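Undergrad: Heads up: the sequence lines are chains A and B, in that order. If you're matching positions, the first sequence starts at 0 in numbering that gives the first Met the number 0 and goes up one per residue. If you're matching positions, the second sequence starts at 0 in numbering that gives the first Met the number 0 and goes up one per residue.
These are calculated hints, taken from the structure and not from any lab test. It should be emphasised that the depicted structure is a prediction, and the values quoted were computed from it without experimental measurement. Even glycine gets a Cβ: it sits at the ideal position worked out from N, Cα and C. Take these hints with a grain of salt, some might be off.
Unchecked claim - In silico DSSO-like cross-links for lysine-lysine, where the CA-CA straight-line distance does not exceed 30 angstroms: (1) A:176 to B:324; (2) B:92 to B:324; (3) B:188 to A:261; (4) A:176 to A:261; (5) A:216 to B:324; (6) B:320 to B:8; (7) A:81 to B:324; (8) B:8 to B:324; (9) A:264 to B:324; (10) B:92 to A:81; (11) B:45 to A:132; (12) B:60 to B:45; (13) A:81 to B:320; (14) B:8 to A:176; (15) A:81 to B:8; (16) A:176 to A:81; (17) B:320 to B:92; (18) A:132 to A:216; (19) B:117 to B:60.
What the hints assert, rightly or not - Anything over 10 angstroms on all C-beta distances counts as not near chain B; from chain A, calculated: (20) 31; (21) 43; (22) 172; (23) 234.
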Amino acid sequence: MATLMVFPLVTTIVLSFNRIFLRDLSHREWIGFANYTDVLSDPDFWDAVQLTTLFVVTVVPIHLALGFGIASLLDRVVRGRKMYMALLLLPFIVTPVVGTLMVRDLFDRGGLLAWLWEVLTDDPFVITSGNVKWILIIHGIWSTTPFAVIVFFAGMQTLPGERLEAAEIDGAGFWAKQRFVMIPHLRSLIIFVLLISIMDSYRAFDSAFVFGQSVGKSAHTVMVYNFDVALRGQFGRIGKGSAIAVITIIGIFVVLIPFLRKSYKEQIAER
Amino acid sequence: MKQLRSYSKTAGIHGALLAVIIVSSVPFYWAAQTSIKFTRDTIRRKPTLWGFDVTADPYRKFWFVDEEQNMWAVGLFFLALGAVIAAILFIRKRCETTWPLTLAVLGSLWVALNLFPKTFDMNREFDYFVNSIFVTVLTVIISISIGMLAGYGLARYSGLSGAVILIVALGFRALPRTAFVLPYFYVAKELGILDSRLVIVLALVAVNQPFTIWMLRSFFMEVPREIEEAAMIDGATRLQAFRMVVVPMMWPGIIATSLFTLLLAYNEFLFVRVLAVTNWTLPVAISALAGGDSATTVTEGAAAAVSITLPIVIMIIIFQKHLVKGLGAGAVKG
Chain A
0 MATLMVFPLV TTIVLSFNRI FLRDLSHREW IGFANYTDVL SDPDFWDAVQ
50 LTTLFVVTVV PIHLALGFGI ASLLDRVVRG RKMYMALLLL PFIVTPVVGT
100 LMVRDLFDRG GLLAWLWEVL TDDPFVITSG NVKWILIIHG IWSTTPFAVI
150 VFFAGMQTLP GERLEAAEID GAGFWAKQRF VMIPHLRSLI IFVLLISIMD
200 SYRAFDSAFV FGQSVGKSAH TVMVYNFDVA LRGQFGRIGK GSAIAVITII
250 GIFVVLIPFL RKSYKEQIAE R
Chain B
0 MKQLRSYSKT AGIHGALLAV IIVSSVPFYW AAQTSIKFTR DTIRRKPTLW
50 GFDVTADPYR KFWFVDEEQN MWAVGLFFLA LGAVIAAILF IRKRCETTWP
100 LTLAVLGSLW VALNLFPKTF DMNREFDYFV NSIFVTVLTV IISISIGMLA
150 GYGLARYSGL SGAVILIVAL GFRALPRTAF VLPYFYVAKE LGILDSRLVI
200 VLALVAVNQP FTIWMLRSFF MEVPREIEEA AMIDGATRLQ AFRMVVVPMM
250 WPGIIATSLF TLLLAYNEFL FVRVLAVTNW TLPVAISALA GGDSATTVTE
300 GAAAAVSITL PIVIMIIIFQ KHLVKGLGAG AVKG
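In isolation and in its complexed conformation, chain B is listed as follows (with noise of 0.2 angstroms):
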């Protein structure tokens, strides 16, 4: 009797979280599948909810200049990047010098990126997902440089400093971006400077550098100071310690920090809305899309709505353990 009520109990339990991830999701299934229906099957009033007609058009809309563009060799072209990446992922495995593989695994994907518009007529869209990348991956590289280097010298000599980073830190939060928008925008303009995309990546980096160098500094606070001490007792010198002994065993705190300033760069809207004339990233196309006056259809806005999360489902799938890691750790001291 008892064990009944105890498996009643989990299926309760259960039922409760399937519940919520439901209510959690079915905004991506819907957008998921009003991306491969036809227009026609979008605008009545009662949604076709199984049994219609599946299309890559609105693809094809979003990101080809040819609406006629053959998908087939689109998927070619990410089936045979995959096979190379799949492939140097597997001699990876087996190798005990890991990082050229890894170089390589980013060299296919930067020369893939360089082939892909080569190879197919590609709309401004694809200009704005390059963009997007481009912000992202300078703003995450500048921040973690220098919130490493910050945050491992307020975790060494701290004295009042972890304090004050923190409230400058959580300060920087509270402000509404407005307040720091139109100083950067005014005086982007008066300097002519306006649109470039470095002025983006430096905005970026300035507001989330504060709680970059916080988070790294409290990953920093884990690693023990005698370990470092001992390998200087060895002979290495402080930089040596640095480089060999702490940040290999950072990476957890580094992949978990780079993440959440990707996840910040990638979805900022307002910065680049305000300071990006032309050079859009893909948030601030996507709702000119959504908002503008031209015939855009229900359909498009959701394949548009895929394809910029695609990238960061991936990422997070790859990376879930970290970035549970980085918000319980982070959190947790704070």
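Just chain A, with the same shape it has in the complex (with noise of 0.2 angstroms):
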């Protein structure tokens, strides 16, 4: 398993060192870190870079809120539970690329949202290179929800009622139930919620690819500009995907070491 891993990322290491064009890939060149002074003078980077901490910092904090109040909300039913929860998986489980098209035809001409849209403010709604983030913002609530509503859901079955009765005695309202009761009990689910959340957000490239065939780089989160420098048509750039794909990397854990530690610890102290 080490090798499933660890290899491929020598190769993408070594890689980013190199001048290799998807053309002839047998051909390359050392050239040392002139890809990775290219990357970061390139302004689509530093777009991309852009688009992707905003989708993060809307994404996250957004989906967890609802995720939360969905959850406390299907703890209070019984009825109809499993039906709540059948249609709430939809979005979770579909194709990622299936649920972007069938979110975007929302919006298109023709579609429901753009109708309504026009019926409001008398405008035609079109997606454009400006408006294009936020509906890519959309779509990443729309599907990661879910996947939140269930975790924390799973995770208030298992309070005991008697706490949250001895807090309403004890006079706490809804409020301080849930920041007192509720919340510390499922600390270390949301904390498990957040870390998946900004993994999968920071990479996300399939709801963006699908909006970047339509209006072009303004869709490009980091993901995607990297498929794009190093894969698109006959002039992709290997050497240079590589670089950008190796500073992906340590973005990401320079974000999540001390999840990552703090978790490790956890699992230590388990034993």
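With the hints in hand, could you dock these two chains into one complex?
TA: So this is what it looks like as structure tokens:
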């Protein structure tokens, strides 16, 4: 397993120091850090970083809050719970590419939301390079919230009812109960979902790729930018693409090191 | 008075949940109703919400060579298949040994898959569908077999292994796919095995394996060691104890893990897009359809979306309980 993980990584790192093109892979040339300086001075890269950052800082907190809210609603009903759950799961299980196309169709000409927009504002709605990032974010929230709901819901089910009752007797209102009983109980789950969602929104690819097909670079997250540089057409620059990959790896680990250290410690403490 | 208040509170909660599921399922409803419309009804600014003419043309265009394909015949085919499977399931309920009949269900699905393109004249898309199934089934079988053995071992001889596996699994999840896809592409191209379905399976297994092992391990931890020991005292070998005692207790865990692997393989886009030249799977096919410059219509795209989504929706309806449990279990312990 180590080979499966380490070998590709080492290959990526090695390739990132080479000039190597898609059309002729056997021809490569060591060029040191030139690929890296090339990436870091590429305005497209910084645009992609900006979009990815915006995506992460909006999708992650909003979907956590929504997930928590919906899960506590689900926790309070018994009748119809199964049906709610089944319909909620849909955005989570659907093929991301397909889900994106479905959401896009809502905003496209003749789509439900485009039409609603026109009714409300009297302007026709068109997906442009300006508003595409918001649609990406809406899709991101739509597709990730179910996961948070199910995980939080599973956690809430393990909370003994007496604790909430005890808090109620002590005079805790709705918010106090959430704040002092529910959230501490779900703490590790919240961290888990946070971790997963940061990883997943950081590497958002499928939806941005689909939107990129219609509006071009303004929908490019770092992953799509990376794909575009490395593999698009005959001009694919594998070397530069690998350099971007290495930079993104460093990026995600800088973000995640505190989390990884913590979960490692917890695993050790369990023994 | 108090009762009235609690009634209105429940009603409020149900109202909120209804709003939530409307938001979560409206794109599906929209795609489904678009897929049975004529194009002329979809390009208007104001969508026709009801009273439109219903047609199967989008599906014909997506799946069949013959655009006049008789859809009643196709329906009849599925009806016959459904009847066969229902009959087998009916018999299975009354039998004691169920595995031959489970095999029979799988067998009839396989026969149907082979018979279908012989009966009807299919587009390329059907090949992509077959590829999707091939890649998904093989990825699930291989990952689960490796994961079972590794997960069992790690659950029983635990030292630091759990922590290490967890970190590797998380690391794999954290790493951008592009960090893996480029070397895979490079090696596959150099070896001249690009565009083979097996390379895709291999890549998917490799990327997903730590997660499978970790998840199965946490399910194995739930099976008490004493049960196995009891079996071994009764004269079973370790392998027999594993096969006849542990595995039967593990079914919910195996199903849950298989479902996640299945979703991952069936939904995978980037790896297939890069490692396959012509041997696409459905997600790549539909993205090409939607992004291409060919005159594809919204209705055909919607028909494709519905066709791709339907198989997983059926799977999830059958196994919803396991999926929810798996998500809960994997997370609560993690």
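Undergrad: Next, verify each hint and record whether it holds.
TA: Verification of the hints:
Taking the CA atoms of residue 176 of chain A and residue 324 of chain B, the gap is about 26 angstroms. The hint holds against a cut of 30 angstroms. With a CA separation close to 24 angstroms, the supplied pair residue 92 of chain B and residue 324 of chain B stays within the 30 angstroms bound. Simply put, residue 188 of chain B and residue 261 of chain A have alpha-carbon atoms about 40 angstroms apart, too far for the 30 angstroms limit, and the pair is violated. Note on residue 176 of chain A and residue 261 of chain A: the hinted pairing holds, with a Cα-Cα distance of about 27 angstroms set against a maximum of 30 angstroms.
Among the hinted pairs, residue 216 of chain A with residue 324 of chain B is inconsistent with the structure: their alpha-carbon atoms are about 40 angstroms apart, more than 30 angstroms. Taking the CA atoms of residue 320 of chain B and residue 8 of chain B, the gap is about 28 angstroms. The hint holds against a cut of 30 angstroms. Restraint check: the Cα-Cα separation between residue 81 of chain A and residue 324 of chain B comes to about 13 angstroms, which is no more than 30 angstroms; the hinted pair holds. Proximity of residue 8 of chain B to residue 324 of chain B is assessed by CA-CA distance (about 28 angstroms); at most 30 angstroms being required, the pair is judged to hold.
For the given pair, residue 264 of chain A sits about 26 angstroms from residue 324 of chain B by alpha-carbon distance, which is consistent with the 30 angstroms threshold. Annotation: proposed proximity of residue 92 of chain B to residue 81 of chain A holds, straight-line Cα distance about 24 angstroms (limit 30 angstroms). The suggested pairing of residue 45 of chain B with residue 132 of chain A holds, with an alpha-carbon distance near 25 angstroms, which does not exceed 30 angstroms. Distance restraint check for residue 60 of chain B and residue 45 of chain B: the Cα-Cα separation of roughly 25 angstroms lies within the 30 angstroms cut-off, and the hinted pair is therefore satisfied.
Of the supplied pair hints, the one linking residue 81 of chain A and residue 320 of chain B holds, its CA atoms being roughly 9 angstroms apart against a limit of 30 angstroms. Taking the CA atoms of residue 8 of chain B and residue 176 of chain A, the gap is near 17 angstroms; set against the 30 angstroms cutoff, the hint holds. Taken as a hint, the residue 81 of chain A and residue 8 of chain B pair is honoured in the structure, with Cα atoms around 20 angstroms apart against an allowance of 30 angstroms. The hinted pair formed by residue 176 of chain A and residue 81 of chain A meets the criterion: a straight-line CA distance of about 26 angstroms does not exceed 30 angstroms.
Using a Cα cut-off of 30 angstroms, the hinted pair residue 320 of chain B and residue 92 of chain B holds, with the two alpha carbons roughly 20 angstroms apart. Pair hint residue 132 of chain A plus residue 216 of chain A holds up; C-alpha atoms about 11 angstroms apart against a cutoff of 30 angstroms. Taking the CA atoms of residue 117 of chain B and residue 60 of chain B, the gap is near 18 angstroms; set against the 30 angstroms cutoff, the hint holds. For residue 31 of chain A, the shortest C-beta to C-beta distance to chain B comes to about 19 angstroms, beyond the 10 angstroms cut-off, and the non-interface label holds.
Consistency note on residue 43 of chain A: stated as away from chain B, and its beta-carbon is indeed over 10 angstroms from all of that chain's, at 15 angstroms minimum. For residue 172 of chain A, the non-interface assignment is confirmed: its Cβ lies about 14 angstroms from the closest Cβ of chain B, beyond the 10 angstroms cut-off. Separation of residue 234 of chain A from chain B is adequate, the least Cβ-Cβ distance of about 15 angstroms exceeding the 10 angstroms criterion.
Consistency note: the structure conflicts with the earlier hints numbered 3 and 5.
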